[in-house]
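Asks: Build out the structure end to end from the sequences listed, making use of the hints.
Each chain, letter by letter, is given below.
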Amino acid sequence: MNKEGVILIAEDDEGHFELIKRSLQRAGVCNEILRFADGQETLDFLFVRGDGPKREHDKEYLLLLDIRMPKIDGIEVLEKVKEDPELKKIPVVMLTTTDDPRTIDRCHKLGCSIYVVKPVEYQDFAEAVRKVGLLLSVVEVPQINGMPKTKGVVK
Amino acid sequence: MNKDAVILIAEDDPGHVELVKRNLWRSCVDNDILPFKDGQEILDFLFKRDDKAKRDEKAFYLLLLDIRMPKVDGLEVLRQIKEDEELRKIPVIILTTTDETSEINRFYEMGCSFYMIKPADYTKFMEAVENLGTFLSLEWVKVPLVDGVGAC
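Protein chains in written order, with my numbering: chain A, 1 to 155; chain B, 1 to 152.
For the record, the hints were derived by calculation from the structure and aren't laboratory data. Keep in mind the model is a prediction, meaning the values are calculated, not measured. One or more hints might be untrue.
List time: in silico DMTMM-like cross-link candidates among lysine to aspartate or glutamate, alpha-carbon distance up to 25 Å [as the list claims (entries may be wrong)]:
| no. | chain 1 | residue 1 | chain 2 | residue 2 |
| --- | --- | --- | --- | --- |
| 1 | A | 59 | B | 18 |
| 2 | B | 54 | B | 12 |
| 3 | A | 21 | A | 76 |
| 4 | A | 82 | B | 103 |
| 5 | B | 71 | B | 127 |
| 6 | A | 80 | B | 121 |
| 7 | B | 82 | A | 84 |
| 8 | B | 82 | A | 76 |
| 9 | A | 80 | B | 109 |
| 10 | B | 3 | A | 121 |
| 11 | A | 80 | B | 85 |
| 12 | A | 88 | A | 105 |
| 13 | B | 52 | B | 76 |
| 14 | A | 88 | B | 85 |
| 15 | A | 21 | B | 127 |
| 16 | B | 52 | B | 18 |
| 17 | A | 71 | A | 44 |
| 18 | B | 21 | B | 38 |
| 19 | B | 58 | A | 105 |
| 20 | A | 88 | B | 73 |
| 21 | B | 124 | B | 100 |
| 22 | B | 118 | B | 41 |
| 23 | B | 58 | A | 121 |
| 24 | A | 88 | B | 100 |
| 25 | A | 59 | A | 4 |
| 26 | A | 82 | B | 76 |
| 27 | A | 71 | A | 58 |
| 28 | A | 21 | B | 130 |
| 29 | A | 109 | B | 56 |
| 30 | A | 59 | B | 73 |
| 31 | B | 21 | B | 121 |
| 32 | A | 88 | A | 12 |
| 33 | A | 109 | B | 139 |
| 34 | B | 82 | A | 83 |
| 35 | B | 71 | B | 30 |
Replies: Below is the structure:
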């Protein structure tokens, strides 16, 4: 992933977010990291609507996505992202406590890049995320151009 | 990754296949690894058109896919996989020497999971595969069960 690429983390648990961020940094990932506390915030950012921070043109993004979040859950976020002709290019890594095979199946059908279960033990969790970081440091991520085609959200 | 998941490698260069296998093992990946020498072979396996080597009815797979291959290239392989209701669930990681931005874009549009460039430098190539392997060796990485027959 290029240095200019931005890592988006949709995670409602502040403690988990801090741990994820630190573990990525431990793997040598020094990209900008943005946090979203729920699915709504994530979608507002990506579809460039609302008052919060907004996605920029011609930038590379990668999304780490929790499933259980207030307002809009991660599955719906994944669905919306993968339905959009431009946003669908964003690699989405599911990072969640849910290890139900049906959910794993569903997310892959919808087009997540990979599915990682959050280990319960703190150390294991940190180590798992560090290894996600090692992967991120050797993959290319596409630029997302233009505005989404969804009606009524383009400003 | 799930212990019983199988890693499929579609790569026409036998040297690269060996290097990838060795470095996945070095990073403690102990999943079965099955090589395919061109796009036709991997499609025949996945769509069960080959009597000798065809995928199991119920199994977990992840595919490492080269782009430039004889007979059928990586883009066509990815297209057919992602158009199939069941096979589309298989995570496909592109592993290629092509570093054009337009290619990277196109493969993500078609639904690849990740796009990795093979570094020309041997040591860097080994390191990149090791990083990939270190990630894949995580028991917390879950790939789905592919259980359909696949449309022919």
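Asks: Next, verify each hint and record whether it holds.
Replies: Okay, the hints, checked on the actual structure:
1. Distance check on the hinted pair: residue 59 (chain A) and residue 18 (chain B) sit about 36 Å apart at the alpha-carbon level, beyond 25 Å; violated.
2. At roughly 19 Å between alpha-carbon atoms, residue 54 (chain B) and residue 12 (chain B) fall within 25 Å of each other, so this suggested pair holds.
3. Annotation: proposed proximity of residue 21 (chain A) to residue 76 (chain A) holds, straight-line Cα distance about 24 Å (limit 25 Å).
4. Distance hint between residue 82 (chain A) and residue 103 (chain B) is fulfilled; the C-alpha atoms sit about 19 Å from each other, no more than 25 Å.
5. Between residue 71 (chain B) and residue 127 (chain B), the direct Cα distance comes to roughly 30 Å. Violation of the 25 Å bound is thereby established for this hinted pair.
6. Taken as a hint, the residue 80 (chain A) and residue 121 (chain B) pair is broken in the structure, with Cα atoms around 39 Å apart against an allowance of 25 Å.
7. Proximity of residue 82 (chain B) to residue 84 (chain A) is assessed by CA-CA distance (about 16 Å); at most 25 Å being required, the pair is judged to hold.
8. Restraint check for residue 82 (chain B) and residue 76 (chain A): the C-alpha separation of about 20 Å stays at or below 25 Å, so the hint holds.
9. Restraint check: the Cα-Cα separation between residue 80 (chain A) and residue 109 (chain B) comes to about 15 Å, which is no more than 25 Å; the hinted pair holds.
10. Annotation: proposed proximity of residue 3 (chain B) to residue 121 (chain A) holds, straight-line Cα distance about 20 Å (limit 25 Å).
11. For the hint linking residue 80 (chain A) to residue 85 (chain B), the alpha-carbon distance of about 19 Å falls within 25 Å, and the restraint holds.
12. Between residue 88 (chain A) and residue 105 (chain A) the alpha-carbon distance is near 18 Å, which keeps this suggested pair within the 25 Å criterion.
13. Proposed proximity of residue 52 (chain B) and residue 76 (chain B) is supported: the alpha carbons are some 23 Å apart, at most 25 Å.
14. Taken as a hint, the residue 88 (chain A) and residue 85 (chain B) pair is honoured in the structure, with Cα atoms around 18 Å apart against an allowance of 25 Å.
15. Restraint check for residue 21 (chain A) and residue 127 (chain B): the C-alpha separation of about 23 Å stays at or below 25 Å, so the hint holds.
16. For the suggested pair residue 52 (chain B) and residue 18 (chain B), the alpha carbons sit about 22 Å apart, so the restraint of at most 25 Å is met.
17. In summary, the hint linking residue 71 (chain A) to residue 44 (chain A) is supported, as the alpha carbons are separated by about 12 Å, within the 25 Å threshold.
18. Taking the CA atoms of residue 21 (chain B) and residue 38 (chain B), the gap is about 17 Å. The hint holds against a cut of 25 Å.
19. The suggested pairing of residue 58 (chain B) with residue 105 (chain A) holds, with an alpha-carbon distance near 13 Å, which does not exceed 25 Å.
20. Taking the CA atoms of residue 88 (chain A) and residue 73 (chain B), the gap is near 23 Å; set against the 25 Å cutoff, the hint holds.
21. Between residue 124 (chain B) and residue 100 (chain B) the alpha-carbon distance is near 19 Å, which keeps this suggested pair within the 25 Å criterion.
22. Between residue 118 (chain B) and residue 41 (chain B), the direct Cα distance comes to roughly 22 Å. Compliance with the 25 Å bound is thereby established for this hinted pair.
23. Taken as a hint, the residue 58 (chain B) and residue 121 (chain A) pair is broken in the structure, with Cα atoms around 31 Å apart against an allowance of 25 Å.
24. In summary, the hint linking residue 88 (chain A) to residue 100 (chain B) is supported, as the alpha carbons are separated by about 19 Å, within the 25 Å threshold.
25. A C-alpha spacing of about 8 Å is found between residue 59 (chain A) and residue 4 (chain A), which places the hinted pair at or below 25 Å, so the restraint holds.
26. Restraint check for residue 82 (chain A) and residue 76 (chain B): satisfied, since their Cα atoms lie roughly 20 Å apart, inside the 25 Å limit.
27. With a C-alpha separation of about 29 Å, the suggested pairing of residue 71 (chain A) with residue 58 (chain A) is violated against the 25 Å cut-off.
28. Restraint check for residue 21 (chain A) and residue 130 (chain B): satisfied, since their Cα atoms lie roughly 22 Å apart, inside the 25 Å limit.
29. Restraint check for residue 109 (chain A) and residue 56 (chain B): satisfied, since their Cα atoms lie roughly 19 Å apart, inside the 25 Å limit.
30. For the hint linking residue 59 (chain A) to residue 73 (chain B), the alpha-carbon distance of about 29 Å lies beyond 25 Å, and the restraint is violated.
31. For the given pair, residue 21 (chain B) sits about 17 Å from residue 121 (chain B) by alpha-carbon distance, which is consistent with the 25 Å threshold.
32. Under the criterion of a C-alpha separation no larger than 25 Å, the hint pairing residue 88 (chain A) with residue 12 (chain A) is consistent with the structure, at around 23 Å.
33. A threshold of 25 Å between alpha carbons decides the hint, and for residue 109 (chain A) with residue 139 (chain B) the separation of about 21 Å falls inside it, so the pair holds.
34. Straight-line distance between C-alpha atoms of residue 82 (chain B) and residue 83 (chain A) comes to about 14 Å, which keeps the hinted pair within the 25 Å bound.
35. Of the supplied pair hints, the one linking residue 71 (chain B) and residue 30 (chain B) is violated, its CA atoms being roughly 30 Å apart against a limit of 25 Å.
Consistency note: the structure conflicts with the earlier hints numbered 1, 5, 6, 23, 27, 30 and 35.
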